[in-house]
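Visitor: Okay, here's what each chain looks like letter by letter:
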Amino acid sequence: MLERFRAEDIHNLVYLPDTVMGRLLALAESDPFFRLTGVHREEEAVGIVTGMHLGGQRGAMLVQNTGLGNSLNALGSLALAYRIPFPLVISLRGELGEFNPGQLHMGRAVTGCLDALGIQHFTLRYEHEVEVVLEGALKTCYTAQEPLAILISAQLTGWKDEQ
Amino acid sequence: MISRRQGTEAAVELAGRLPIIGSVGNTTFDLFAVAEDRPENFYLWNSMGMASSVGLGLALARPDLRVVILDGDGALLMNLGSLCTAMMAGVRNIVHVVWDNGGWEITGAQPAGTTYGVDLAAIARGAGFRHTATVDDMRAFRSAFADAMGADEPWFIVAHIDNSGAPKTRPTKTLTAIRDRFASAIAS
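In the order they appear, the protein sequences are chains A and B. All residue numbers for the first sequence refer to the numbering used here, where the first residue is 19 and numbers rise by one. All residue numbers for the second sequence refer to the numbering used here, where the first residue is 250 and numbers rise by one.
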């Protein structure tokens, strides 16, 4: 994933961590190409990536699906309305292997929320498809000049064995 | 008390050609009324609370520019965490001005927490801003804003304003035109 970001000159990773994203962030942190900017609520990331875009830099937003819920108005009224392109990378909870009942409903709502906003999305489920899907998705994102979502399934990342 | 219109005029004058992010509603309407032809203005038409985040992102992408954020108390109260995020990001080049009229003027001046003692400058200090000011008249505002623009650390200014309303003029509703004009104007 990081190689595809680099190839598209996506220098900024704006994130609120979860376990899945933590692994990606740890790799990015040791790579001087990437600048990591943490936020305290995911909606901020939409604004920050927008500001970076206005300033001539590309960024990606990395959040858990719960963070999609916290970002909906900014996605609609800022990123979509002003047509700011960036990948919105969402790790999926509440899908396969979920142990936390508090994750289920927002998890089920992810694609519905994205569809309602008209945000195109692709889901990564198998390791062998990550590179090609990401490469194509990023190209489409910048062609469309709009945010595009890349969903990371637990099928790819695994899940906790907690009951 | 300061009128937001006069405060905006002073901010525009002292900002020169540096970028100004206008928060949704009367803040952006006054910015447009004062300097509609100024391409370094970014007008938010919605996204309440996002001015501080957009300003932070721009400031991180363009450390060579001092970025002015014109915010409202109601808007900032929706995104107080952005003050903490700015400190965590280690940004140096933001001047964050909050027009504080104690509530939501545009919807009928309903009182927000700022009417009941919420001190946004104290919150900014708590987040880690070393330079904050709270001002009640134009002279103090001009002085604090000039200091803020000349500094190389983040500044946070609360300006107490009256509820004297905003003009009827509006920025373009073609949002990509706002985006493109602003981005070209500040392009290095």
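Keep in mind that the hints were calculated from the coordinates and are not lab data. The structure presented is a predicted model; accordingly, all values stated were derived computationally and were not measured. Among the hints, a few may not be true.
[Stated by the list, open to error] Pairs of lysine to any residue, SDA-like flavour, derived with a Cα cap of 25 angstroms:
1. K157(A) - A436(B)
2. K422(B) - P312(B)
3. K422(B) - G274(B)
4. K157(A) - L114(A)
5. K417(B) - K178(A)
6. K417(B) - G274(B)
7. K157(A) - H139(A)
8. K417(B) - S95(A)
9. K422(B) - Y160(A)
10. K422(B) - L135(A)
11. K157(A) - A284(B)
12. K157(A) - D429(B)
13. K422(B) - G136(A)
14. K417(B) - A259(B)
15. K417(B) - I355(B)
16. K422(B) - G94(A)
17. K417(B) - E285(B)
18. K422(B) - K157(A)
19. K178(A) - G125(A)
20. K422(B) - A162(A)
21. K422(B) - A284(B)
22. K157(A) - A426(B)
23. K422(B) - L90(A)
24. K422(B) - P103(A)
25. K422(B) - N91(A)
26. K422(B) - K178(A)
27. K157(A) - D133(A)
28. K157(A) - A259(B)
29. K157(A) - L424(B)
30. K422(B) - G125(A)
31. K422(B) - A436(B)
32. K422(B) - E164(A)
Visitor: Okay, which hints does this one fail, numbers in order?
Guide: As far as the earlier hints go, 2, 4, 5, 11, 18, 26, 28, 30 are violated by this structure, in ascending order.
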